[in-house]
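We have chain U already, so just place chain Y on it with the hints.
Residues per chain, in single letters:
2 protein chains.
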Amino acid sequence: MVFSSKLIEDAVNEFAGLPGIGKKTALRMVLHLLKKDVADVDAFTGAIAKMRHEIKFCKSCHNVSDNELCEICANKGRNHAQVCVVENIRDVIAIESTQQYNGLYHLLGGILSPLDGIGPEQLNIATLHDRVAQQGVEELIMALSPTIEGDTTVYYIARQMKDLSVSITTIARGIAFGGELEYADEMTLARSIAKRLPIENYVSMKG
Amino acid sequence: MVFSSKLIEDAVNEFAGLPGIGKKTALRMVLHLLKKDVADVDAFTGAIAKMRHEIKFCKSCHNVSDNELCEICANKGRNHAQVCVVENIRDVIAIESTQQYNGLYHLLGGILSPLDGIGPEQLNIATLHDRVAQQGVEELIMALSPTIEGDTTVYYIARQMKDLSVSITTIARGIAFGGELEYADEMTLARSIAKRLPIENYVSMKG
Numbered sequence: 001m002v003f004s005s006k007l008i009e010d011a012v013n014e015f016a017g018l019p020g021i022g023k024k025t026a027l028r029m030v031l032h033l034l035k036k037d038v039a040d041v042d043a044f045t046g047a048i049a050k051m052r053h054e055i056k057f058c059k060s061c062h063n064v065s066d067n068e069l070c071e072i073c074a075n076k077g078r079n080h081a082q083v084c085v086v087e088n089i090r091d092v093i094a095i096e097s098t099q100q101y102n103g104l105y106h107l108l109g110g111i112l113s114p115l116d117g118i119g120p121e122q123l124n125i126a127t128l129h130d131r132v133a134q135q136g137v138e139e140l141i142m143a144l145s146p147t148i149e150g151d152t153t154v155y156y157i158a159r160q161m162k163d164l165s166v167s168i169t170t171i172a173r174g175i176a177f178g179g180e181l182e183y184a185d186e187m188t189l190a191r192s193i194a195k196r197l198p199i200e201n202y203v204s205m206k207g
Numbered sequence: 001m002v003f004s005s006k007l008i009e010d011a012v013n014e015f016a017g018l019p020g021i022g023k024k025t026a027l028r029m030v031l032h033l034l035k036k037d038v039a040d041v042d043a044f045t046g047a048i049a050k051m052r053h054e055i056k057f058c059k060s061c062h063n064v065s066d067n068e069l070c071e072i073c074a075n076k077g078r079n080h081a082q083v084c085v086v087e088n089i090r091d092v093i094a095i096e097s098t099q100q101y102n103g104l105y106h107l108l109g110g111i112l113s114p115l116d117g118i119g120p121e122q123l124n125i126a127t128l129h130d131r132v133a134q135q136g137v138e139e140l141i142m143a144l145s146p147t148i149e150g151d152t153t154v155y156y157i158a159r160q161m162k163d164l165s166v167s168i169t170t171i172a173r174g175i176a177f178g179g180e181l182e183y184a185d186e187m188t189l190a191r192s193i194a195k196r197l198p199i200e201n202y203v204s205m206k207g
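Keeping their order, the protein sequence lines are chains U and Y. The opening position of the first sequence corresponds to residue 1 in this note's numbering, with each subsequent residue numbered one higher. The opening position of the second sequence corresponds to residue 1 in this note's numbering, with each subsequent residue numbered one higher.
No lab work stands behind these hints: they were computed from the structure. Fair warning: this is a prediction, and the values are worked out from it, not measured in the lab. Some clues are possibly wrong.
A pair counts as met if it fits within one copy or between any two copies, since identical chains are not told apart.
What the hints assert, rightly or not - Dumping the calculated BS3-like pairs for lysine-lysine here, alpha-carbon to alpha-carbon at most 30 Å:
no., residue 1, residue 2
1, K35, K23
2, K59, K23
3, K162, K195
4, K76, K6
5, K6, K50
6, K195, K59
7, K76, K23
8, K76, K50
9, K35, K162
10, K195, K76
11, K35, K59
12, K162, K59
Only chain U is shown next, with the shape it has when bound in the complex (with noise of 0.2 Å):
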């Protein structure tokens, strides 16, 4: 693409730089902004800006935080007990958005991937360990993806917690509700009939 601007040029490849966004979007988002006032691109470089500039990460859980304990270790209104062993922010967010869980969570960093050079030692697992010793965490829900990397993670957690009394769960793997059965894995599908559930269990996951 030839511009005739440096200026647009410029503002073009900071776009284009982006996950998932060629040139042509690029200059899409650039003569949007071009087109707004300048208090409104004002307000979104600044937002964006302030956040790289002032984002902390929770010295507890890990998690992104505008303070020094983020808003869900500071929430006295949450089951300190219990806390979810998640792989990232995204992870967060999704089980937030559920608004159906009100424990504490724990991000890893990642998961142990030893072909990445990811040990355990660049995972959040000693102050995980450290958490669980000193705050009366009585139960590690472990929330992690469900491949070997996965469940490598949850074993090796597990057996670095061993010496402490915590109960450790994994969340559910089974066919999605709306899925069809015959599209299923058969891992997923094998699984979901071992781990069957007594009918009443069922009515009242529906709620």
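Coordinates of chain Y only, in the frame set by chain U:
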């Protein structure tokens, strides 16, 4: 989506205000910027703020410009007797990217569309007349959308220029290179037969 950080939430909402960007994509962009160095994010917000604050519109052709006169109008190596009339910046970028056109442009800022309340006063037609009258323009190449509104605009402008000795042409319509005849719409196909070219022209067009 439920965020546990106001900083993240504000940034996501700003991105989600861009055309074609939903909340999930906005979140992906924010998390991407969160992983970047502060300096990189400052470069991102800086380029956008600078673009919006410093952009000017060329006083001759109305294109976006870094200066009073845009790069194209200021370029003495271009043919100032030829002016291509387009709707907007996007069209200029498309034509410039072909690297085949060496004249100047004139941006109307839209096309005549009475239903949307866009009459001749809303478009840069008076300044086009002045340019032709005062700056020795010999040819106006109309490159507007092949729609009823586009055609109406072409006829309106042609009538406005009647008192001036300027030749008015329109870009060729026809079957696109690589286009399949059977998929062409009837009007395009009919016009491309009516406006058929001697074979020599065809060869020189390809070359």
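Hints, verified against the model:
Taking the shortest Cα distances, K35 and K23 sit within 30 Å of each other both inside one copy (19 Å) and across copies (22 Å). In this assembly of identical chains, K59 and K23 lie within 30 Å of each other by CA distance solely across copies; the values are 27 Å between and 39 Å within a copy. Proximity of K162 to K195 under the C-alpha cut-off of 30 Å is restricted to the intra-copy arrangement: shortest distance 24 Å within a copy versus 83 Å between copies. With identical chains, the CA atoms of K76 and K6 are at most 30 Å apart between copies only, with a shortest distance of 19 Å across copies and 52 Å within one.
For the homomeric pair K6 and K50, the shortest alpha-carbon distances inside one copy (26 Å) and between copies (11 Å) are both at most 30 Å. With identical chains, the CA atoms of K195 and K59 are never at most 30 Å apart, being 37 Å at best within one copy and 73 Å at best between copies. Within a single copy, K76 and K23 get their C-alpha atoms only as close as 47 Å, which misses the 30 Å cut-off; across copies the closest is 29 Å, which meets it. Proximity of K76 and K50 under a CA criterion of 30 Å is satisfied intra-copy only: 28 Å inside one chain copy versus 44 Å between copies.
Within a single copy, K35 and K162 get their C-alpha atoms no closer than 60 Å, and across copies no closer than 34 Å, so neither meets the 30 Å cut-off. Taking the closest pair of Cα atoms, K195 and K76 never come within 30 Å of each other, the shortest separation being 34 Å inside a single copy and 78 Å across copies. Taking identical chains as interchangeable, the C-alpha atoms of K35 and K59 lie at most 30 Å apart only when they sit on different chains, with a minimum of 18 Å there against 42 Å within one chain. When the C-alpha separation of K162 and K59 is checked against a cutoff of 30 Å, the pair qualifies only within one copy, where the shortest distance is 24 Å, while the shortest distance between copies is 75 Å.
Checked against the numbered hints given earlier, this structure breaks hints 6, 9, 10; the rest are met.
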